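Peer 1: Sequence:
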Amino acid sequence: MVNALAWTLLSIGGGAALPQAAARPAAGSGDKVPVLLISGQNNHDWQYTNPKIAEGLLQSGRFDVDITLEPAKTLADAAAIAKYRCFVLNYNGERWGAAAEQNFVAAVKGGTGVSVIHAANNAFEGWTEYEQIVADLWRAGTGHGRYHAFDVRMIDRDHPITRGLPDLKSHPDELYHNLVHTPGVETRVLAVAHSAKETGGTGKDEPMAIVLHYGAGRIFHTPLGHVWPGDVASRATFDNPALHLLIARGTEWAATGAVTLPTVLPNQLSLDEEKEGFRLLFDGKSSKGWRGFAKPEFPAQGWSIVDGALHVAAGGGGGDLVTSEQFGDFELRFEWKVAAGANSGVMYRVAETQQAPWQTGPEYQVLDDALHGDGKEPKTAAAALYALVAADGKALAPVGEWNEGRIVVRGWHVEHWLNGQKVVDLDLATADAKAKVAASKFAAMPHFATQPRGHLALQDHGDAVWFRSLRVRDL
Numbered sequence: 000m001v002n003a004l005a006w007t008l009l010s011i012g013g014g015a016a017l018p019q020a021a022a023r024p025a026a027g028s029g030d031k032v033p034v035l036l037i038s039g040q041n042n043h044d045w046q047y048t049n050p051k052i053a054e055g056l057l058q059s060g061r062f063d064v065d066i067t068l069e070p071a072k073t074l075a076d077a078a079a080i081a082k083y084r085c086f087v088l089n090y091n092g093e094r095w096g097a098a099a100e101q102n103f104v105a106a107v108k109g110g111t112g113v114s115v116i117h118a119a120n121n122a123f124e125g126w127t128e129y130e131q132i133v134a135d136l137w138r139a140g141t142g143h144g145r146y147h148a149f150d151v152r153m154i155d156r157d158h159p160i161t162r163g164l165p166d167l168k169s170h171p172d173e174l175y176h177n178l179v180h181t182p183g184v185e186t187r188v189l190a191v192a193h194s195a196k197e198t199g200g201t202g203k204d205e206p207m208a209i210v211l212h213y214g215a216g217r218i219f220h221t222p223l224g225h226v227w228p229g230d231v232a233s234r235a236t237f238d239n240p241a242l243h244l245l246i247a248r249g250t251e252w253a254a255t256g257a258v259t260l261p262t263v264l265p266n267q268l269s270l271d272e273e274k275e276g277f278r279l280l281f282d283g284k285s286s287k288g289w290r291g292f293a294k295p296e297f298p299a300q301g302w303s304i305v306d307g308a309l310h311v312a313a314g315g316g317g318g319d320l321v322t323s324e325q326f327g328d329f330e331l332r333f334e335w336k337v338a339a340g341a342n343s344g345v346m347y348r349v350a351e352t353q354q355a356p357w358q359t360g361p362e363y364q365v366l367d368d369a370l371h372g373d374g375k376e377p378k379t380a381a382a383a384l385y386a387l388v389a390a391d392g393k394a395l396a397p398v399g400e401w402n403e404g405r406i407v408v409r410g411w412h413v414e415h416w417l418n419g420q421k422v423v424d425l426d427l428a429t430a431d432a433k434a435k436v437a438a439s440k441f442a443a444m445p446h447f448a449t450q451p452r453g454h455l456a457l458q459d460h461g462d463a464v465w466f467r468s469l470r471v472r473d474l
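The opening position of the sequence shown corresponds to residue 0 in numbering that gives the first Met the number 0, with each subsequent residue numbered one higher.
Don't take every hint at face value.
[Said to hold, decoys possible] In silico lysine-lysine, DSBU-like type, Cα no more than 35 Å apart, as pairs:
{"#": "1", "residue 1": "Lys196", "residue 2": "Lys168"}
{"#": "2", "residue 1": "Lys294", "residue 2": "Lys378"}
{"#": "3", "residue 1": "Lys274", "residue 2": "Lys284"}
{"#": "4", "residue 1": "Lys284", "residue 2": "Lys294"}
{"#": "5", "residue 1": "Lys274", "residue 2": "Lys421"}
{"#": "6", "residue 1": "Lys31", "residue 2": "Lys168"}
{"#": "7", "residue 1": "Lys203", "residue 2": "Lys284"}
In case anyone wonders, no lab produced these hints; they're calculated from the structure.
Keep in mind that this is a model prediction, so the values were computed, not measured.
Starting from the given sequences, assemble the full structure and let the hints guide the process.
Peer 2: If you want it as structure tokens, here you go:
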């Protein structure tokens with residue numbers, strides 16, 4: 000067997016797996032779950048997909064992963080495979096032999112879970128027990144249209160795997176149609192995709208995630224996960240973190256009967272946020288919707304997109320960023336982290352009539368309190384309404400870890416939130432607030448906090464800072 004970490008280091012593939020910071024197991028989820036990824040033969044590019052599947056599971060923080068490329072040998076040792084809580088199937092090839100097959104079936108009947116990925120449902124025509132475990136099979140009459148991006152809709156959110164899980168939007172993959180159902184096997188369909196006739200499909204919804212039981216074993220099956228040998232473009236399938244999250248949640252349920260992994264990835268809306276009218280200001284991939292302050296385009300230097308975050312490099316000279324849109328009353332939610340000693344900020348209701356955003360827009364301070372001088376003064380420390388109001392009762396994440404920020408503005412009533420706690424509450428239109436402004440450096444800036452609408456701005460203060468999951472709603 001190949002240790003998954005060693006396999007990942009030896010692999011030559013690229014692409015995006017499940018972001019580590021977004022995949023911490025919930026408290027009390029227990030020890031890591033040992034799983035066995037079964038591969039070594041497939042008509043698809045298993046040399047590429049093995050390390051990508053393993054990487055997604057490992058980065059979820061929930062699993063220990065071993066990979067076997069010799070399932071006939073590995074599964075023939077019943078004692079050796081007894082430690083695994085789930086078998087992850089990425090195999091389509093020769094039969095394993097009587098001993099391995101009997102041990103596999105016995106383990107699943109006894110409670111070992113199974114996670115079936117893509118072409119594993121093509122395998123072993125005529126092996127009755129395997130066909131009962133997989134349930135929906137590629138057999139005569141099954142097919143797919145052209146490789147393309149399509150939406151995967153969660154139609155059953157009462158199951159632990161899909162509870163609270165957003166749809167997969169524009170997921171690039173093969174869309175299997177007319178899978179052949181094993182007679183007498185009861186399944187539960189969790190997700191579907193529409194197989195459009197214009198892309199070579201059936202014109203109907205096809206199952207994209209199902210669950211079932213075989214004895215005491217829980218089975219998760221997704222026909223998603225296509226990468227064709229020699230087709231580099233099809234590797235985009237595993238560049239989608241949402242697919243990794245679905246597989247990780249499905250594998251956790253198959254292994255344990257529960258799901259503790261998160262439902263929302265960075266730069267994605269939760270179901271509640273969708274219902275509440277939030278929209279993304281940054282998709283994690285492009286600079287669309289952002290440009291330099293008082294400039295027509297995104298900065299050519301200083302700012303970049305790194306691991307799904309808007310990143311300003313130390314000394315990069317890119318200047319401040321602003322949204323193309325303007326906002327009046329709004330709620331902004333965002334994640335931020337800083338390098339050691341770094342300083343930045345998020346400003347709002349910014350006008351481009353002055354030389355800098357902070358001359359018109361109030362600022363949510365972004366800071367390393369411990370190493371930056373501004374951290375010694377509460378009114379200029381992290382999450383403060385800069386130079387006006389200190390952040391009260393805050394809990395700041397360590398440098399290098401993500402913080403959840405939130406800014407709510409109604410009229411001139413301003414709230415700052417940090418990691419789930421409201422830390423600033425001030426109405427800038429009151430006499431008390433105007434006195435605070437008059438006693439600050441903003442007294443010399445007559446346009447400060449006067450704009451009924453304005454841009455949101457991310458500050459380049461010359462230090463390394465990251466922003467992601469920027470989502471906003473109008474109030």
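Peer 1: May I ask which of the numbered hints given earlier this structure violates, with the numbers listed in increasing order?
Peer 2: none
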